[in-house]
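Those protein sequences? They're chains C and H, same order as listed. Going by the numbering used here, the first residue of the first sequence is number 1, and it counts up by one from there. Going by the numbering used here, the first residue of the second sequence is number 1001, and it counts up by one from there.
You may find that some hints are simply not true.
[As the list claims (entries may be wrong)] 20 Å max Cα-Cα, derived SDA-like pairs, lysine to any residue:
#1 1014/H <-> 264/C
#2 1070/H <-> 268/C
#3 1013/H <-> 268/C
#4 47/C <-> 79/C
#5 1009/H <-> 264/C
#6 248/C <-> 260/C
#7 1009/H <-> 263/C
#8 46/C <-> 69/C
#9 9/C <-> 1111/H
#10 1070/H <-> 271/C
#11 9/C <-> 1008/H
#12 47/C <-> 239/C
#13 1070/H <-> 1084/H
#14 165/C <-> 1094/H
#15 1014/H <-> 269/C
#16 1009/H <-> 272/C
#17 1013/H <-> 269/C
#18 9/C <-> 1014/H
#19 1046/H <-> 1014/H
Simulated from the structure, these hints should not be mistaken for lab results.
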Amino acid sequence: MQPQGSMPKLSLPNIRNIIAVASGKGGVGKSTVAANLAIAMAQAGKKVGLLDADIYGPSVPTMMGITGTVDQATTPLPLEKHGLKLMSMGFIVPPTQAVIWRGPMIHRALTQFLTDLDWGELDYMIIDLPPGTGDAQLTLTQTVPLNGAVIVTTPQEVSLIDARKGIEMFRQVRVPIFGIIENMSYFMGEDGKKYSIFGTGGGEKLAKEYQVPFLGALPMDPKVAESGDAGLPIVAKHPESGVSLAYKSLATNIQEELKRATPAGELPRLDL
Amino acid sequence: MTSIQLFPKSLGKKGDEALAISWNDGHESVISWSHIRANCPCATCKEERGKPKDPFRVLKPSEIGPLRPKSISPMGHYAYKILWSDGHDTGIFTLEHLRSLCQCEACTKTSSTTAKP
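Bound-form chain C, shown alone (with noise of 0.2 Å):
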């Protein structure tokens, strides 16, 4: 028997491998990253769904060029775009209209994308989280079978001091983390230098920090936001970029450090 309200592990078969790209702050570019991660994989031949876990705020619809709610009576759900399976709040709810919800209407949400939605088989799943350590994170580290975290930052301190709130959750509840992923790390001039608008070394500051590999850096550029504006994420628009690269070599890293990484283990049960 289960408690009243209680959240067991979802069991989710035909997704091998579960990973939650999160930061502690908000505008660092998390859903960016997500979202050119997973076509990174994708690209790579890898079977991957994005799931758009910010229910008060989803961006996956606009990154993915999907207008407007999807008439889930002629369109089935999760929706299928640059290869990748999709789910957001934002196609079934109007971008006009606000989600006024508490906890548990965000862990119904959550829980019913991943277990009510045919995902098929699938190797990777990206969980693109909202800012911050609250429900939404809660519920997916109780309640789903997360391989562990990639967490997002930007170089200054003001991104880092929130990045250390949500290591220390995931730390908290036994997620691993699979390291730091430094976004907006530099510019690459016309001139061909690099230019470190928020500073420099952050993202690895903090992974020494926490002793959590360093991903990798991933430059500014205006073309990822123009890209990811009009619903064609730079790694699917421009695949060869500078950027595009940097997101396949950091798609490889997470592969790898996935393969490292030491599963954390089911806890014993005990029937009363």
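Start from chain C and add chain H according to the hints.
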């Protein structure tokens, strides 16, 4: 990190009164259910414990009999949730918290010698 992360190898019952936990560091914990409930980490119980005791509080029917766990379920990889016979189920007992509640002779001795007067 060089220290071994605390993890239970198995859970069992010690009669009807206590929970027994075998840990991966070889320690064997025995914790009475009443001690576990008295240290429930949920916000409501914490607040109750912080209040001065009301000697005239009328007990609810569910509080008259001894409280017993009805089920104990893992929460992710880090905690257990217990449903009690009075319906209370909001406490999430992390593994570290459960270990800190151990009432074996060695742990009781350690906690009494380290406790401030």
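Now for the hints, and whether the structure bears them out:
1. Distance check on the hinted pair: residue 1014/H and residue 264/C sit about 27 Å apart at the alpha-carbon level, beyond 20 Å; violated.
2. Of the supplied pair hints, the one linking residue 1070/H and residue 268/C holds, its CA atoms being roughly 17 Å apart against a limit of 20 Å.
3. Between residue 1013/H and residue 268/C, the direct Cα distance comes to roughly 13 Å. Compliance with the 20 Å bound is thereby established for this hinted pair.
4. Pair hint residue 47/C plus residue 79/C holds up; C-alpha atoms about 14 Å apart against a cutoff of 20 Å.
5. For the proposed pair residue 1009/H and residue 264/C, the alpha carbon gap of about 13 Å is at most 20 Å, so the pair holds.
6. The hinted pair formed by residue 248/C and residue 260/C meets the criterion: a straight-line CA distance of about 19 Å does not exceed 20 Å.
7. Proposed proximity of residue 1009/H and residue 263/C is supported: the alpha carbons are some 16 Å apart, at most 20 Å.
8. Of the supplied pair hints, the one linking residue 46/C and residue 69/C is violated, its CA atoms being roughly 27 Å apart against a limit of 20 Å.
9. For the hint linking residue 9/C to residue 1111/H, the alpha-carbon distance of about 34 Å lies beyond 20 Å, and the restraint is violated.
10. With a C-alpha separation of about 9 Å, the suggested pair residue 1070/H and residue 271/C falls inside the 20 Å cut-off, and the hint holds.
11. Distance hint between residue 9/C and residue 1008/H is fulfilled; the C-alpha atoms sit about 18 Å from each other, no more than 20 Å.
12. Of the pairs offered as hints, the one joining residue 47/C and residue 239/C holds, with about 18 Å between alpha carbons and a cut-off of 20 Å not exceeded.
13. Distance restraint check for residue 1070/H and residue 1084/H: the Cα-Cα separation of roughly 5 Å lies within the 20 Å cut-off, and the hinted pair is therefore satisfied.
14. Among the hinted pairs, residue 165/C with residue 1094/H is consistent with the structure: their alpha-carbon atoms are about 18 Å apart, no more than 20 Å.
15. Among the hinted pairs, residue 1014/H with residue 269/C is consistent with the structure: their alpha-carbon atoms are about 15 Å apart, no more than 20 Å.
16. Taken as a hint, the residue 1009/H and residue 272/C pair is honoured in the structure, with Cα atoms around 17 Å apart against an allowance of 20 Å.
17. Between residue 1013/H and residue 269/C the alpha-carbon distance is near 12 Å, which keeps this suggested pair within the 20 Å criterion.
18. This hinted pair does not check out: residue 9/C and residue 1014/H have alpha carbons roughly 27 Å apart, beyond 20 Å.
19. Restraint check: the Cα-Cα separation between residue 1046/H and residue 1014/H comes to about 27 Å, which exceeds 20 Å; the hinted pair is violated.
When the structure is compared with the earlier hints, violations turn up for hints 1, 8, 9, 18, 19 and for no others.
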